[in-house]
Amino acid sequence: MKPSKAVVILKDNLWSNNPIFIQILGICSTLAVTNNLNNTLVMTVGVALTTAFSSMTLSALKGLIPRKVRMIVQVVVISFYVILIDILLRAYLPEASRQLGPYVGLIITNCIIMGRAEAFAQANPPFLSFWDGLTSGLGYMVVLMAIAAVRELLGFGTLFGLRVMPAGFVPWTIMIMAPSAFFLVAMVMWWAKSMQAERQAAGKEAKK
Amino acid sequence: MKKDSMLYVVLFTFVVCAVFTLVLAIANEGTKDLVAANAEFATQSAVLGALGVPFDGKADAAARFAGAVSPGPDGPYRSWSARVDGADYVAVEQAGPGLWGTITVILAATPDGERVRGVRVVSQNETPGLGGRVAEPWFIGQYEGERSPGGRVGMRAGAESSGSADPDKENGRVDGVSGATRTSQSFAAIVDAALARVKEIGGER
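Listed in order, the protein sequences are those of chains A and B.
Number 196 in our numbering belongs to position 196 of the first sequence; there are no gaps in the numbering.
Number 357 in our numbering belongs to position 149 of the second sequence; there are no gaps in the numbering.
Some clues are possibly wrong.
[To be verified] Here are a few chain A residues that face chain B, going by a calculated C-beta distance under 8 Å: (1) L64; (2) I83; (3) L84; (4) I87; (5) R90; (6) G155; (7) F156; (8) P171; (9) I176.
[Said to hold, decoys possible] Distance condition first, Cα-Cα at most 16 Å in a straight line; then the derived EDC-like pairs of lysine to aspartate or glutamate: (10) B:K266 x A:E95; (11) A:K62 x B:D212; (12) A:K68 x B:D212.
Hints were generated in silico from the structure; no laboratory data involved.
Computed from a prediction, not measured in an experiment: that's the story for all the values here.
For glycine and all other residues, C-beta sits at the position ideal for the given N, C-alpha and C.
In isolation and in its complexed conformation, chain A is listed as follows (with noise of 0.2 Å):
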């Protein structure tokens, strides 16, 4: 049987195409926000509802929009999902609101958001594109816990605030800083790019 289009995007977001180790995109946030769990989790799920509808939107309106001014309608829409995750998280999320500060509205220049909506939701249909969006935001979401969760349990000895290493434990300093991001991005690419190319291999020498 072959799979559906809507699991084909789900495995691409996820592993084949994700949007970090492959396409490279939305580096900045990597590095600011994931020393902490909490944070990352509340920034990755705004990343993720704002492609999700920020396509939706796009890809519906999308016979509508002149091609002249494509890309500042794609801002438009953009910023407006990201303001209103703004207003929503002041009010019913005030603590992680301040935590997260300027980061909330620099949802805005993530770049998967804006690749998204130039790469797929140009030629699709608006409920694909919103489950592209959505995928795509997971993608971001799973590697960037990942990487938090280790900055925050060798940089404060803890996971989601809550103690888990021994009391004397020292904390590694620089996992709190962002070039520890650098380092374990990285890693995480360096794994994944080799076990892709290893199946890669493996699936040539079946085919022979």
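For chain A, the structure is supplied; the task is to place chain B on it using the hints.
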């Protein structure tokens, strides 16, 4: 109308912007009171925290705040005067430069500025895990009941710091965060500025 005609492009852009902005304006208007209430609670909990008044939840905080605290004279920063356990205190909001950004604290002290009641960090943007630790209870707790002779609390930062909390409340000195010398020094300057204002406001009465 042709999709690429000037008129269509202008009209379309105008309509899109108008519709999306309208929705945002409605969302903003609808949550305005909630956001204001959150900000109010954040201030009240910081003032009560600095005054050492325990509270349980939003409603309790509002009731205790109304019972013990009254707003002080108008100025560039907010201030409050309060009566807790039969003693008078003055609380002030004070902001100053940290290492990366502005640190805002609320400090409560006796009206003569000679003994700190408590400090709470309202906002800071220091290095997480280093300078950011100034908001942690072990650091901020050093100020609770600390003597501040002449309206100053000394800061042992850098190599002088023991790296852990200074338990002596009478020596007019606290220990800085190790690895965050500059933030600790900035914090001490903000506390001293806040104490000077407490003295000013406390002396007027």
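Quiz item: Any hints this thing doesn't respect? Which numbers, in order?
Solution: No numbers; nothing is violated.
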